[in-house]
Amino acid sequence: MTQPFLKIEGLKRQFPQAGQPNPDPVFEDVHFGIERGQFVCVLGHSGCGKTTILNILAGLDEATAGHVIMDGREVRGPSLDRGVVFQSHALMPWLSALKNVEFAVRSRHPEWTREQVRAHAVKYLEMVHLGHAIDKKPAELSGGMKQRVGIARAFSIEPKMLLLDEPFGALDALTRGSIQSELIGIVEATKQTVFMITHDVDEAILLADRIVLMTNGPRAKIAEIVVNPMPRPRDRETLHQQPEFYPLRNHLVDFLVKRSRAFAPGADWDPKNPPLVYPGAPARAAA
Amino acid sequence: MTRNKPWLAPLLSVLFFALFVGVWYLATSTTAAPVAGPAVDPEYAALLGAEAATGGQSAMPGPGEVAAKIWEHVLDPFYDRGTNDKGLGIQIGYSIARVLAGYLLAALVAIPLGFLIGMSPLVYKALDPFIQILKPISPLAWMPLALYTIKDSGISAIFVIFICSLWPMLVNTAFGVASVRREWLNVARTLEVKPIRRAFLVILPAAAPTILTGMRISIGIAWLVIVAAEMLVGGTGIGYFVWNEWNNLSITNIITAILLIGLVGMLLDHLLAWVARAISWRE
Ligand SMILES: Nc1ncnc2c1ncn2[C@@H]1O[C@H](COP(=O)(O)OP(=O)(O)OP(=O)(O)O)[C@@H](O)[C@H]1O
Ligand SMILES: [Mg+2]
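Listed in order, the protein sequences are those of chains A and B.
Take 0 as the starting number for the first sequence in numbering that gives the first Met the number 0 and just add one per residue.
Take 0 as the starting number for the second sequence in numbering that gives the first Met the number 0 and just add one per residue.
Do not rely on the hints blindly, as some may be mistaken.
Unchecked claim - Straight-line C-alpha distance at most 20 Å; calculated EDC-like pairs for lysine to aspartate or glutamate:
id: 1; chain 1: B; residue 1: Lys-193; chain 2: A; residue 2: Asp-60
id: 2; chain 1: A; residue 1: Lys-159; chain 2: B; residue 2: Glu-71
id: 3; chain 1: A; residue 1: Lys-98; chain 2: B; residue 2: Glu-182
id: 4; chain 1: B; residue 1: Lys-193; chain 2: A; residue 2: Asp-80
id: 5; chain 1: A; residue 1: Lys-11; chain 2: A; residue 2: Glu-73
id: 6; chain 1: A; residue 1: Lys-190; chain 2: A; residue 2: Glu-110
id: 7; chain 1: A; residue 1: Lys-159; chain 2: A; residue 2: Asp-70
id: 8; chain 1: A; residue 1: Lys-136; chain 2: B; residue 2: Glu-182
id: 9; chain 1: A; residue 1: Lys-271; chain 2: A; residue 2: Glu-73
id: 10; chain 1: B; residue 1: Lys-134; chain 2: B; residue 2: Asp-151
id: 11; chain 1: A; residue 1: Lys-6; chain 2: A; residue 2: Asp-208
id: 12; chain 1: A; residue 1: Lys-98; chain 2: A; residue 2: Glu-125
id: 13; chain 1: A; residue 1: Lys-6; chain 2: A; residue 2: Glu-110
id: 14; chain 1: A; residue 1: Lys-159; chain 2: A; residue 2: Glu-34
id: 15; chain 1: A; residue 1: Lys-11; chain 2: A; residue 2: Asp-28
id: 16; chain 1: A; residue 1: Lys-6; chain 2: A; residue 2: Asp-60
id: 17; chain 1: A; residue 1: Lys-271; chain 2: A; residue 2: Glu-110
id: 18; chain 1: A; residue 1: Lys-135; chain 2: B; residue 2: Glu-282
id: 19; chain 1: A; residue 1: Lys-98; chain 2: B; residue 2: Glu-282
id: 20; chain 1: A; residue 1: Lys-190; chain 2: A; residue 2: Asp-80
id: 21; chain 1: A; residue 1: Lys-271; chain 2: A; residue 2: Glu-8
id: 22; chain 1: B; residue 1: Lys-68; chain 2: B; residue 2: Glu-244
id: 23; chain 1: A; residue 1: Lys-136; chain 2: B; residue 2: Glu-282
id: 24; chain 1: A; residue 1: Lys-6; chain 2: A; residue 2: Asp-23
id: 25; chain 1: A; residue 1: Lys-98; chain 2: B; residue 2: Glu-191
id: 26; chain 1: A; residue 1: Lys-190; chain 2: A; residue 2: Asp-234
id: 27; chain 1: B; residue 1: Lys-193; chain 2: A; residue 2: Glu-110
id: 28; chain 1: B; residue 1: Lys-193; chain 2: B; residue 2: Glu-182
id: 29; chain 1: A; residue 1: Lys-122; chain 2: A; residue 2: Glu-187
id: 30; chain 1: A; residue 1: Lys-159; chain 2: A; residue 2: Asp-28
FYI, nobody ran anything at the bench for these hints, they're computed from the structure.
Build the full structure now, drawing on both the sequences and the hints.
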């Protein structure tokens, strides 16, 4: 069996708690893999440890046990190989949109000339349709525009993998939709490998090839990995007309409202190899 | 209301000023009224000099006299007729030079040191008790120690300015650096930014508004302290001038100097406020 591009093995995270020598881990026994070019979403309730997993993948946090291997090498600390889009955009408010992206480009390519850095940064800002606002400070940008600068910054370093922590959580539905479409376009063009956290079932269906379902914490686990049967690129306009859409959606919603709380693994459930499920697959066969 | 009448506030200011000058004029002219009052003891007059001999009138000058005096100083600010008789421009120049020297030295020490303290929670905790004790000491309390060890009165004054400017800048820099948002530091970490570049391009701009607040507090304190310090060490400077004019009983000169001290203090504060605005950022 070939190794996946990114491999997470036996991951566990305990946060020290006052007066408790052995506190409940946020999650444990987390195993899964991501293939090159795959778009993977993690779906789970608030507090189950999604951000914690992402921080460990980014190298910003350390696991209590287990490890992460990317492209044959263990992840130890942050790296330019993994671009991060933070939940709270994390733009530097004293820099314009362009300078924020240039800061990242300069970090990636210290040897480049000023013109090269600028041209590269502008290219990525134009990719998220912000060519007209490059000289604006974050305070002068709308929430959606700030998030797009964050995305341009993460893409501009051309990382091997992109990590997105609920990047659209704070946006209204309309803005969210248009940035999702932009993201699909860029990911298609760059063949980027993406790991993304979301609360939103429809967002997961639209973007993800695989949807990792996490049970509620503490001691959260990966219940199963849902395979999105609908082929890429998916289009938000026509998505819901496809026969697999509702079976898939119902399966995910059902997990979130019922099974995530009282997850009762069957006898053959193996945390090292969470089951792949194909909801809606028979629907296409029948259609 | 004030929005569509922007001239209202300045007009009121002028009015208040006129009122103040009017009251001042009346108050000082009535003391001169009892001409037939008790004659000034000639011996007392001889002791206190010519000004006292003219009676109450010149002890507290009216606005006209002060205005004339100010005009006199404006016309010739840089004259130098020996140790005790130098122009106001020269004296204030000495004071500004001392404040700037002490202040800049303090900034040179406080900002890098505050940076280090702010970066390390351990050093922050370890140095905190010292800072807590040293900070509330009146800078003038250092003066004898400074005079004893440094021996030079001019440098001692600069040292006192240095000490009093140090703490606000140190404390604010350390605080500003320690409270830089975790998310910006995380951005720098994921971009593998080297420590020096991170210090100058992330931490410094993030902490700059807090540091500038400290610098603004410091310049205010330094300007307050220089007058007192110069009264103590003597020789030159606006503080010495005020003290010397008190010995000459020239209230007009003292009032002129007081106005000048206020004016320069305001300019220094505005200068730093302007810098603070230039480096501040909005979220
Ligand atoms: N630094 C920390 N110290 C102690 N506990 C922490 C820390 N960070 C996270 N936790 C705990 O770990 C759990 C998971 O947190 P995490 O932020 O990963 O959740 P999440 O799944 O991202 O939630 P959300 O969807 O609300 O963002 C929470 O119960 C939280 O209290
Ligand atoms: Mg989170």
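Checked hints:
A distance of roughly 19 Å separates the Cα atoms of B/Lys-193 and A/Asp-60; the hinted pair therefore holds under the 20 Å criterion. A distance of roughly 76 Å separates the Cα atoms of A/Lys-159 and B/Glu-71; the hinted pair therefore is violated under the 20 Å criterion. For the suggested pair A/Lys-98 and B/Glu-182, the alpha carbons sit about 17 Å apart, so the restraint of at most 20 Å is met. Distance check on the hinted pair: B/Lys-193 and A/Asp-80 sit about 16 Å apart at the alpha-carbon level, within 20 Å; holds.
For the proposed pair A/Lys-11 and A/Glu-73, the alpha carbon gap of about 16 Å is at most 20 Å, so the pair holds. Annotation: proposed proximity of A/Lys-190 to A/Glu-110 is violated, straight-line Cα distance about 26 Å (limit 20 Å). As the CA atoms of A/Lys-159 and A/Asp-70 are separated by approximately 9 Å, the hinted pair is consistent with the 20 Å bound. Using a Cα cut-off of 20 Å, the hinted pair A/Lys-136 and B/Glu-182 holds, with the two alpha carbons roughly 18 Å apart.
At roughly 18 Å between alpha-carbon atoms, A/Lys-271 and A/Glu-73 fall within 20 Å of each other, so this suggested pair holds. For the hint linking B/Lys-134 to B/Asp-151, the alpha-carbon distance of about 24 Å lies beyond 20 Å, and the restraint is violated. Among the hinted pairs, A/Lys-6 with A/Asp-208 is consistent with the structure: their alpha-carbon atoms are about 17 Å apart, no more than 20 Å. This hinted pair checks out: A/Lys-98 and A/Glu-125 have alpha carbons roughly 14 Å apart, not beyond 20 Å.
A threshold of 20 Å between alpha carbons decides the hint, and for A/Lys-6 with A/Glu-110 the separation of about 32 Å lies outside it, so the pair is violated. The straight-line distance between the Cα atoms of A/Lys-159 and A/Glu-34 is roughly 12 Å, inside the 20 Å bound, and the hint therefore holds. About 6 Å separates the Cα atoms of A/Lys-11 and A/Asp-28, which keeps this hinted pair within 20 Å; it holds. This hinted pair checks out: A/Lys-6 and A/Asp-60 have alpha carbons roughly 17 Å apart, not beyond 20 Å.
Restraint check for A/Lys-271 and A/Glu-110: not satisfied, since their Cα atoms lie roughly 43 Å apart, outside the 20 Å limit. Taking the CA atoms of A/Lys-135 and B/Glu-282, the gap is near 12 Å; set against the 20 Å cutoff, the hint holds. For the proposed pair A/Lys-98 and B/Glu-282, the alpha carbon gap of about 16 Å is at most 20 Å, so the pair holds. With a C-alpha separation of about 15 Å, the suggested pair A/Lys-190 and A/Asp-80 falls inside the 20 Å cut-off, and the hint holds.
Distance hint between A/Lys-271 and A/Glu-8 is fulfilled; the C-alpha atoms sit about 8 Å from each other, no more than 20 Å. Between B/Lys-68 and B/Glu-244 the alpha-carbon distance is near 13 Å, which keeps this suggested pair within the 20 Å criterion. Simply put, A/Lys-136 and B/Glu-282 have alpha-carbon atoms about 9 Å apart, close enough for the 20 Å limit, and the pair holds. For the suggested pair A/Lys-6 and A/Asp-23, the alpha carbons sit about 24 Å apart, so the restraint of at most 20 Å is broken.
With a C-alpha separation of about 17 Å, the suggested pairing of A/Lys-98 with B/Glu-191 holds against the 20 Å cut-off. At roughly 17 Å between alpha-carbon atoms, A/Lys-190 and A/Asp-234 fall within 20 Å of each other, so this suggested pair holds. A distance of roughly 14 Å separates the Cα atoms of B/Lys-193 and A/Glu-110; the hinted pair therefore holds under the 20 Å criterion. Distance check on the hinted pair: B/Lys-193 and B/Glu-182 sit about 17 Å apart at the alpha-carbon level, within 20 Å; holds.
At roughly 16 Å between alpha-carbon atoms, A/Lys-122 and A/Glu-187 fall within 20 Å of each other, so this suggested pair holds. For the hint linking A/Lys-159 to A/Asp-28, the alpha-carbon distance of about 25 Å lies beyond 20 Å, and the restraint is violated.
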